[in-house]
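Visitor: Single-letter residue listing:
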Amino acid sequence: MSPTTTTAPEAAVPERGQADVRTVPHRRRRRFRPRHPGVAFAAWAAAAVFFSPVLWMFLTGFKQESQASTDPPTFFFVPTLDQYRAILGRDFTPYFLNSVSASVFSTILVIILATPAAYALSIAKIPRWRDSLFFFISTRMMPAVAIILPLYIIAKNVGVLDNVTMLALVYTVMNLPIAVWMIRSFLVEVPKEVLEAARIDGATFGVEIRRVILPMIAPGLAATALICFIFAWNEFFFAVSLTATQAATVPVFLVGFITSEGLFWARLSAASTMAALPVIIAGWVAQKWLVRGLSLGAVK
Amino acid sequence: MATRELTPAPARTAVPPARRTRRRGRDGRSAALYLAPAAVLLLGVLAYPIYQLVVISLYDYGQAEAAGNAPLVFLGLENYADLLRRTQFWVVLAKTLGFAAVCVVGSLAVGTALAVLASRVRAVPRMLLFLAALGAWATPAVAGSYVWLFLFDADFGLVNEVLAGLGFDGMAGHSWTFGTYSAFGLVAMEVIWCSFPFVMVTMYAGIKGIPDEVVEAASLDGASWPRIATAVILPMLRPLLLIATIQSIIWDFKVFTQIYVMTNGGGVAGRNLVLNVYAYQQAFAGQEYGQGAAIGVVMTLILLSVTALYVRSQRRSVELT
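Order-wise, the sequence lines are chains E and V.
41 is the number that UniProt numbering gives to position 41 of the first sequence; each next residue is one higher, with no gaps.
132 is the number that UniProt numbering gives to position 132 of the second sequence; each next residue is one higher, with no gaps.
Calculated directly from the structure, the hints in this document are not laboratory data.
Misleading hints may appear alongside valid ones.
[What the hints assert, rightly or not] Derived pair list, reagent style SDA-like, types lysine to any residue, alpha-carbon separation capped at 25 Å:
(1) Lys95(V) - Ile302(V)
(2) Lys208(V) - Ala144(E)
(3) Lys125(E) - Gln246(E)
(4) Lys156(E) - Ala308(V)
(5) Lys192(E) - Glu213(V)
(6) Lys192(E) - Leu161(E)
(7) Lys156(E) - Gly62(V)
(8) Lys125(E) - Ile302(V)
(9) Lys208(V) - Gln246(E)
(10) Lys208(V) - Pro215(E)
(11) Lys156(E) - Gln246(E)
(12) Lys156(E) - Leu309(V)
(13) Lys156(E) - Ile302(V)
(14) Lys156(E) - Val54(V)
(15) Lys156(E) - Phe256(V)
(16) Lys95(V) - Ser138(E)
(17) Lys156(E) - Val40(V)
(18) Lys125(E) - Ala144(E)
(19) Lys192(E) - Met236(V)
(20) Lys156(E) - Phe168(V)
(21) Lys208(V) - Trp284(E)
(22) Lys208(V) - Ser241(E)
(23) Lys208(V) - Glu189(E)
(24) Lys208(V) - Arg90(E)
(25) Lys208(V) - Ser138(E)
(26) Lys192(E) - Pro235(V)
(27) Lys95(V) - Gly38(E)
(28) Lys125(E) - Pro226(V)
(29) Lys192(E) - Leu42(V)
(30) Lys156(E) - Leu42(V)
(31) Lys156(E) - Met236(V)
(32) Lys208(V) - Lys125(E)
(33) Lys208(V) - Lys156(E)
(34) Lys125(E) - Ser119(V)
(35) Lys208(V) - Arg271(V)
(36) Lys125(E) - Gly44(V)
(37) Lys156(E) - Pro71(V)
[To be verified] Some residues of chain V that are not near chain E, with every Cβ distance over 12 Å (derived):
(38) Tyr34
(39) Pro49
(40) Leu72
Each residue gets a CB set at the ideal place from its N, CA and C atoms; glycine is no exception.
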């Protein structure tokens with residue numbers, strides 16, 4: 001009796017589940033039902049709580065400054081685009097373009113560099129690949145604060161201070177370890193049999209990479225690229241330390257707002273929304289890739 | 001540390017023959033070449049600054065020395081000795097460890113809990129959960145910090161208003177940033193909010209990747225849910241937990257932006273300093289670059305050893321294929 005009580009919810013499923021497994025050998029058919037209405041309620045509540053900061057930021061961006069700082073907070077108001085106009089009037093575009101070029105360029109570079117490196121650490125295992133992997137991940141230990149001074153001096157001497165390319169290079173280095181680690185986890189999942197079959201069929205190395213491996217890890221590459229893009233987009237410390245007027249990015253723009261004009265919540269919220277929006281859209285569009293890509297390298 | 005793998009020569013001899021047959025001849029040699037560009041860039045942009053950092057930490061290096069107006073005085077390990085003698089360093093170190101531990105445990109717990117939740121509900125609430133995660137992830141740390149300050153503002157904040165509305169009258173006008181622990185707690189909540197999405201997405205993918213048959217088989221064998229969770233699901237998720245934990249440790253130990261923005265550079269009299277901000281203050285505000293560099297080196301060593309320990313302990317139980 002005791003085992004049946006605990007397995008009762010599952011016992012009901014097999015009729016359907018088994019039929020599915022036999023006809024369609026596909027995992028997607030699984031249905032997790034909330035076994036308790038509390039689970040669904042908890043999910044709604046958690047989503048509301050964790051989304052509220054973003055929502056509040058979004059709403060505040062459409063308020064007048066006088067409505068943003070009131071006690072009690074204003075919930076009902078006539079939305080205005082004044083804050084957005086003010087931001088666009090303050091030369092937001094160059095910052096935005098700097099952010100785009102630094103993030104995109106570094107992301108492309110990261111993927112180009114990390115994919116072969118991950119290949120060397122997974123499929124074509126070099127000797128001492130564990131040490132190499134640890135070396136890659138260990139470079140993430142270095143606190144940015146610690147290397148900023150030497151980096152600043154070097155950049156100054158080479159003459160690449162306040163330069164988008166320089167910033168993109170720094171972001172590439174910053175994201176490389178994560179990318180190698182992630183892409184490696186996808187490559188590990190490529191079945192040995194598939195590779196052997198391709199080789200037996202006489203696939204050259206180039207064909208093997210292009211026709212066999214790349215299609216299999218494409219979702220993983222997309223997920224990795226997205227994550228690297230977000231990290232580069234949101235990076236603040238290097239941007240504020242290594243750039244001034246020419247190459248400053250959106251997070252630097254945000255801080256500029258705060259220091260020069262005091263705390264204007266409504267305008268700051270509007271600017272923050274504009275900074276976060278491209279990433280939210282990119283993430284939403286690529287959501288399936290992201291989850292699929294991550295799951296590919298996730299569990300064996 | 002490990003630069004030897006860049007030299008491909010001893011590669012072939014080290015490989016056991018059984019493996020070599022599986023691999024094509026040229027792979028062993030060229031594999032190191034695939035690694036080379038990434039490793040060279042990483043070393044190039046990091047090695048010299050790290051070298052510089054260590055060098056600076058051995059000198060009495062202030063504003064005058066940096067500008068070249070004063071001769072460099074070699075101190076040896078004096079900067080480190082001085083640092084270790086300071087009470088403030090140990091206090092900041094303890095606070096950093098405590099703060100990071102709370103953040104790591106918090107984001108792992110929150111992220112995993114939400115992943116489990118997301119895997120067990122219908123499409124709409126699941127989509128909302130992911131939207132919340134995406135929003136938290138996409139918001140730049142600077143913006144996120146200000147939004148949280150705004151939400152928890154003593155007078156204009158939404159949180160105090162809601163709490164007061166729920167009957168906690170004392171919360172109206174309550175200042176969250178006043179007390180040391182309250183301020184740390186607020187920053188920790190923001191940090192957890194920033195970092196839970198990575199854990200959640202990763203763990204959700206892991207949970208989804210577990211084949212039904214495995215869980216079904218376990219439950220047919222009469223395993224209870226807690227037993228399935230601990231004996232079946234958890235071991236399968238362990239490689240992912242490893243990645244999520246290491247990432248969280250690295251992030252949370254190095255929190256800078258949130259502390260800097262939310263406690264206004266470390267709080268009154270440095271009550272809310274963490275090592276990263278402390279190093280920044282020493283180096284830039286105090287213009288004691290040598291001291292700041294020493295803190296940076298110490299921080300790096302701590303992080304390296306923590307991660308090495310963790311990786312080693314995990315290696316025993318999980319084969320990192």
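Visitor: For every hint, state whether the structure bears it out.
Guide: Quick rundown of the hints versus the structure:
no.	hint	in the structure
1	Lys95(V) - Ile302(V)	holds (14 Å)
2	Lys208(V) - Ala144(E)	violated (35 Å)
3	Lys125(E) - Gln246(E)	violated (43 Å)
4	Lys156(E) - Ala308(V)	violated (35 Å)
5	Lys192(E) - Glu213(V)	holds (23 Å)
6	Lys192(E) - Leu161(E)	violated (47 Å)
7	Lys156(E) - Gly62(V)	holds (18 Å)
8	Lys125(E) - Ile302(V)	violated (30 Å)
9	Lys208(V) - Gln246(E)	violated (45 Å)
10	Lys208(V) - Pro215(E)	holds (21 Å)
11	Lys156(E) - Gln246(E)	holds (14 Å)
12	Lys156(E) - Leu309(V)	violated (38 Å)
13	Lys156(E) - Ile302(V)	violated (30 Å)
14	Lys156(E) - Val54(V)	holds (20 Å)
15	Lys156(E) - Phe256(V)	holds (24 Å)
16	Lys95(V) - Ser138(E)	holds (23 Å)
17	Lys156(E) - Val40(V)	holds (22 Å)
18	Lys125(E) - Ala144(E)	violated (31 Å)
19	Lys192(E) - Met236(V)	holds (21 Å)
20	Lys156(E) - Phe168(V)	violated (55 Å)
21	Lys208(V) - Trp284(E)	holds (19 Å)
22	Lys208(V) - Ser241(E)	violated (41 Å)
23	Lys208(V) - Glu189(E)	holds (16 Å)
24	Lys208(V) - Arg90(E)	violated (46 Å)
25	Lys208(V) - Ser138(E)	violated (30 Å)
26	Lys192(E) - Pro235(V)	holds (23 Å)
27	Lys95(V) - Gly38(E)	violated (37 Å)
28	Lys125(E) - Pro226(V)	violated (38 Å)
29	Lys192(E) - Leu42(V)	violated (30 Å)
30	Lys156(E) - Leu42(V)	holds (20 Å)
31	Lys156(E) - Met236(V)	violated (49 Å)
32	Lys208(V) - Lys125(E)	violated (29 Å)
33	Lys208(V) - Lys156(E)	violated (49 Å)
34	Lys125(E) - Ser119(V)	violated (35 Å)
35	Lys208(V) - Arg271(V)	violated (43 Å)
36	Lys125(E) - Gly44(V)	holds (24 Å)
37	Lys156(E) - Pro71(V)	holds (21 Å)
38	Tyr34	violated (4 Å)
39	Pro49	violated (4 Å)
40	Leu72	holds (14 Å)
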